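Participant: Chains A and B supply the protein sequences, listed in that same order. 380 is the number of the first residue of the first sequence in the working numbering; add one for each residue after it. 109 is the number of the first residue of the second sequence in the working numbering; add one for each residue after it.
I should point out that these hints are in silico values taken from the structure, not numbers from a laboratory. Just so we're clear, the structure is a prediction, and the values are computed from it rather than from any experiment. Hints are supplied without guarantee of correctness; some may be wrong.
Derived Cβ-Cβ restraints for the label pairs, each shown as a range [said to hold, decoys possible]:
{"hint": "1", "chain 1": "A", "residue 1": "GLY573", "chain 2": "B", "residue 2": "SER215", "range": "45 to 53 Å"}
{"hint": "2", "chain 1": "B", "residue 1": "SER215", "chain 2": "A", "residue 2": "MET450", "range": "17 to 25 Å"}
{"hint": "3", "chain 1": "A", "residue 1": "LEU439", "chain 2": "B", "residue 2": "PRO320", "range": "32 to 40 Å"}
{"hint": "4", "chain 1": "A", "residue 1": "ALA441", "chain 2": "B", "residue 2": "SER215", "range": "43 to 51 Å"}
{"hint": "5", "chain 1": "A", "residue 1": "ARG722", "chain 2": "B", "residue 2": "PRO320", "range": "57 to 65 Å"}
{"hint": "6", "chain 1": "A", "residue 1": "THR396", "chain 2": "B", "residue 2": "VAL133", "range": "49 to 57 Å"}
{"hint": "7", "chain 1": "B", "residue 1": "TYR220", "chain 2": "A", "residue 2": "GLY394", "range": "14 to 22 Å"}
{"hint": "8", "chain 1": "B", "residue 1": "SER323", "chain 2": "A", "residue 2": "ASP575", "range": "41 to 49 Å"}
{"hint": "9", "chain 1": "A", "residue 1": "PRO417", "chain 2": "B", "residue 2": "SER323", "range": "37 to 45 Å"}
{"hint": "10", "chain 1": "A", "residue 1": "ALA441", "chain 2": "B", "residue 2": "ARG392", "range": "48 to 56 Å"}
{"hint": "11", "chain 1": "B", "residue 1": "SER323", "chain 2": "A", "residue 2": "ARG668", "range": "55 to 63 Å"}
{"hint": "12", "chain 1": "A", "residue 1": "THR434", "chain 2": "B", "residue 2": "PHE238", "range": "33 to 41 Å"}
{"hint": "13", "chain 1": "B", "residue 1": "MET152", "chain 2": "A", "residue 2": "GLU495", "range": "57 to 65 Å"}
Even glycine gets a Cβ: it sits at the ideal position worked out from N, Cα and C.
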Amino acid sequence: MSVLTIKDVTKLFPGGTKAVDSFSLEVADGELVCLLGPSGSGKSTLLRMVGGFETPSAGLIAIDGEDITRMPPEKRPTGMVFQSHALWTHMDVFKNLAFGLKLRRLPATEIKRKVEAVLELVGLGGYGSRRVTQLSGGQQQRVALARSLVLEPKILLLDEPFASLDQHLRERLREEVRDIQQRVGITTLFVTHGQDEALSMADRIVVMRDGGTEQIDRPDVVYRNPQTPFVAGFIGTMNLLEGTVANGIFTRASFSHPLAVADGPATLAIRPEALDVTPAEPGAAKVHRVTDYGTHGLLDLDLPDDTRLKAMVSHPAQYRHGMGVNLTPRAVSAYRNNAQIFRSEA
Amino acid sequence: MTATEAGALAPAPTQRKRPIGLLLVAVPVLLVLWLIIWPIISAMIQTIWLPTPEGGRSLSVSSYEFFINDPYSRANLSITLWTTAVCAVLLLVVCLPIALYLRFSDSKLAAYVQGLAIFPMFVPSIILSFAFIRVLGPNGTVDLLLNSVGLPKIKSPYLTPWGPVIGLVWDNIPLTVLILLSGLGNVSNQAIEAARDVGAGRFALLWHIILPRVSNSILVAISFAVLGIFSAFTLPYILGPAAPEMMGPFMQRTFRDLFDPTNAITQAVITFGFCILFGLFYVRSVAKNRTP
Numbered sequence: 380m381s382v383l384t385i386k387d388v389t390k391l392f393p394g395g396t397k398a399v400d401s402f403s404l405e406v407a408d409g410e411l412v413c414l415l416g417p418s419g420s421g422k423s424t425l426l427r428m429v430g431g432f433e434t435p436s437a438g439l440i441a442i443d444g445e446d447i448t449r450m451p452p453e454k455r456p457t458g459m460v461f462q463s464h465a466l467w468t469h470m471d472v473f474k475n476l477a478f479g480l481k482l483r484r485l486p487a488t489e490i491k492r493k494v495e496a497v498l499e500l501v502g503l504g505g506y507g508s509r510r511v512t513q514l515s516g517g518q519q520q521r522v523a524l525a526r527s528l529v530l531e532p533k534i535l536l537l538d539e540p541f542a543s544l545d546q547h548l549r550e551r552l553r554e555e556v557r558d559i560q561q562r563v564g565i566t567t568l569f570v571t572h573g574q575d576e577a578l579s580m581a582d583r584i585v586v587m588r589d590g591g592t593e594q595i596d597r598p599d600v601v602y603r604n605p606q607t608p609f610v611a612g613f614i615g616t617m618n619l620l621e622g623t624v625a626n627g628i629f630t631r632a633s634f635s636h637p638l639a640v641a642d643g644p645a646t647l648a649i650r651p652e653a654l655d656v657t658p659a660e661p662g663a664a665k666v667h668r669v670t671d672y673g674t675h676g677l678l679d680l681d682l683p684d685d686t687r688l689k690a691m692v693s694h695p696a697q698y699r700h701g702m703g704v705n706l707t708p709r710a711v712s713a714y715r716n717n718a719q720i721f722r723s724e725a
Numbered sequence: 109m110t111a112t113e114a115g116a117l118a119p120a121p122t123q124r125k126r127p128i129g130l131l132l133v134a135v136p137v138l139l140v141l142w143l144i145i146w147p148i149i150s151a152m153i154q155t156i157w158l159p160t161p162e163g164g165r166s167l168s169v170s171s172y173e174f175f176i177n178d179p180y181s182r183a184n185l186s187i188t189l190w191t192t193a194v195c196a197v198l199l200l201v202v203c204l205p206i207a208l209y210l211r212f213s214d215s216k217l218a219a220y221v222q223g224l225a226i227f228p229m230f231v232p233s234i235i236l237s238f239a240f241i242r243v244l245g246p247n248g249t250v251d252l253l254l255n256s257v258g259l260p261k262i263k264s265p266y267l268t269p270w271g272p273v274i275g276l277v278w279d280n281i282p283l284t285v286l287i288l289l290s291g292l293g294n295v296s297n298q299a300i301e302a303a304r305d306v307g308a309g310r311f312a313l314l315w316h317i318i319l320p321r322v323s324n325s326i327l328v329a330i331s332f333a334v335l336g337i338f339s340a341f342t343l344p345y346i347l348g349p350a351a352p353e354m355m356g357p358f359m360q361r362t363f364r365d366l367f368d369p370t371n372a373i374t375q376a377v378i379t380f381g382f383c384i385l386f387g388l389f390y391v392r393s394v395a396k397n398r399t400p
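Put together the whole structure using the sequences plus the hints.
Facilitator: Given below as structure tokens:
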């Protein structure tokens with residue numbers, strides 16, 4: 380049972396930069412929570428504070444109720460996997476994994492048993508005598524994960540662990556890491572700026588911006604029901620239209636859509652897959668580009684004021700550059716003053 | 109045209125550039141052969157192809173026998189080896205903490221410390237020697253300060269074996285710090301943080317993570333210092349004792365004051381022998397430590 384509690388944590392760097400601003404989160408036992416946000420949103424700083432590599436300017440960090448806010452990293456029950464693997468190249472794989480256990484003065488037989496078990500767990504059985512420089516990027520990342528897991532930490536911290544790997548390897552490893560995390564049942568905090576990683580791995584996603592929280596929810600909820608225009612624009616592909624609402628109709632250039640909210644400015648959010656397109660001349664928009672992905676197509680559409688929209692279609696061959704189309708959203712969200720004011724489902 | 113002919117018409121760029129490359133390295137190689145290798149060989153020949161009373165020359169190792177059997181020559185070699193070893197240890201003890209501080213400190217003070225550590229590089233040895241005499245010599249600044257508060261004078265290291273040690277350590281601090289600092293640049297912050305994450309304290313970090321990663325740099329720094337100190341002249345000549353004396357002043361005195369070039373060259377060849385031994389040890393260690 381390991382619960383991570385982060386309460387009102389703030390981090391001010393010299394010069395007054397506020398990297399994290401009154402951040403609070405509770406990660407349940409065995410849960411994998413992703414911190415997702417653009418560069419500079421404070422997610423890595425927050426993770427480093429949990430790992431003990433940065434000291435919060437204010438707030439509390441606790442594991443199972445024990446305050447660890449001022450505890451140095453070497454004393455914390457956390458294990459961190461770094462973006463660059465951070466393996467010690469002067470040691471072989473076995474020594475990399477055994478180093479932490481030796482510092483805990485475990486008997487040699489126990490160290491050997493634990494290292495071999497964790498190497499099996501990450502699929503690197505028999506690799507103990509290899510030099511880390513002889514391993515591929517994916518294997519090095521697995522050794523880095525094993526090095527953290529072998530110490531059986533209460534909390535596993537992953538700092539963009541797949542950022543230096545190619546796309547194919549990244550997809551394979553994230554499935555493997557998720558499997559291992561669920562098998563071990565370890566509470567995990569995972570930093571990424573890749574929305575695919577967050578959506579495919581996390582039990583919950585924390586979308587961060589400027590050191591604060593924009594939304595904390597399950598991946599499907601964050602995708603389908605973004606609470607702010609920032610989340611709507613950051614997760615997946617989203618059409619965000621700035622316009623005005625008058626008499627229950629949202630209007631932007633030639634595009635209009637019924638919207639049951641009070642009159643005034645609004646931002647309408649429509650997923651490309653929720654925007655139906657029908658050929659019509661002259662139509663509300665013109666086709667700018669057709670991209671055929673094989674399984675589906677993506678249309679780039681221009682409104683008369685050059686606003687660019689995207690729409691997903693099942694038969695892209697029907698469309699060509701310059702063709703007029705009408706647009707019918709099946710599901711929309713609307714925002715005003717950075718808050719959701721309307722939502723309809725398909 | 110066949111594929112073979114096409115290939116023959118397009119020789120590899122490296123093959124075309126080879127003569128230019130060889131010509132470029134030829135100049136320094138020839139200079140090394142002329143100015144370094146040939147004088148070494150010539151000196152070796154001169155010490156074993158000695159004049160005979162009959163006016164001819166014959167093969168003899170009598171000059172080496174003299175060096176080995178002469179207690180004063182042996183004492184000079186011993187004091188040189190002692191000075192070199194003590195300086196190497198002191199340089200490591202003094203420079204490693206400075207380099208570690210400069211590598212891992214974020215404070216503004218680090219810039220000033222670096223400036224101070226590099227400063228001796230710009231001070232000529234002769235000025236350093238006179239500064240040493242004025243501060244640590246008999247009736248120097250330290251003695252005056254101690255006297256002003258009623259304390260006895262220090263036992264001055266001037267003209268003792270510790271005189272050259274202090275001077276040579278001070279003189280070699282900049283290069284040693286810079287080489288160690290460059291080696292420490294290879295130790296990434298994440299490697300340090302990963303070690304702390306698995307429970308390493310300060311000593312474990314230094315012993316298991318940092319030192320193994322900078323062992324080559326330590327070897328390079330110590331090699332440079334040792335090779336320089338072994339054949340040092342100015343500081344041992346001004347600050348050191350008259351007898352025994354380090355090999356540098358010994359060679360100069362044998363050559364110029366005693367008008368004995370054969371023995372001076374023999375001393376030089378023996379000094380060169382010790383330096384080349386250390387050089388070979390350094391090359392072997394670096395090659396052994398290199399990550400495959």
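Participant: Quick check: does the Cβ-Cβ distance between MET152/B and GLU495/A fall within 57 to 65 Å?
Facilitator: holds, 58 Å
Participant: Take the C-beta atom of ARG722/A and the C-beta atom of PRO320/B, compute their distance, and say whether it sits inside 57 to 65 Å.
Facilitator: Hint holds: Cβ distance 58 Å, inside 57 to 65 Å.
Participant: That 14 to 22 Å hint for TYR220/B and GLY394/A (C-beta), does it hold up?
Facilitator: Cβ of TYR220/B to Cβ of GLY394/A: about 21 Å, so the range 14 to 22 Å holds.
Participant: Given the hint of 45 to 53 Å, is the C-beta distance from GLY573/A to SER215/B inside that range or not?
Facilitator: violated, 36 Å
Participant: Does the beta carbon distance between SER323/B and ASP575/A stay inside 41 to 49 Å, or does it fall outside?
Facilitator: Since the Cβ atoms of SER323/B and ASP575/A sit about 43 Å apart, the hinted range of 41 to 49 Å holds.
Participant: Using the beta carbons of PRO417/A and SER323/B, state whether their distance is inside 37 to 45 Å or not.
Facilitator: Check passed, 41 Å falls within 37 to 45 Å.
Participant: Has the hinted range 32 to 40 Å been met by the Cβ atoms of LEU439/A and PRO320/B?
Facilitator: Distance hint for LEU439/A, PRO320/B holds at roughly 38 Å.
Participant: Could you say whether the range 17 to 25 Å given as a hint is met by the Cβ separation of SER215/B and MET450/A?
Facilitator: holds, 23 Å
Participant: Within 48 to 56 Å: is that where the Cβ-Cβ distance between ALA441/A and ARG392/B falls?
Facilitator: Cβ of ALA441/A to Cβ of ARG392/B: about 54 Å, so the range 48 to 56 Å holds.
Participant: Does the Cβ distance between THR396/A and VAL133/B fall inside 49 to 57 Å?
Facilitator: holds, 52 Å
Participant: Between SER323/B and ARG668/A, is the Cβ distance one that fits in 55 to 63 Å?
Facilitator: Between SER323/B and ARG668/A, where Cβ atoms are some 58 Å apart, the hint holds.
Participant: The hint says 43 to 51 Å between ALA441/A and SER215/B; measuring C-beta to C-beta, is that right?
Facilitator: violated, 31 Å
Hint compliance for this structure: hints 1, 4, 12 are not met, and every other hint is.
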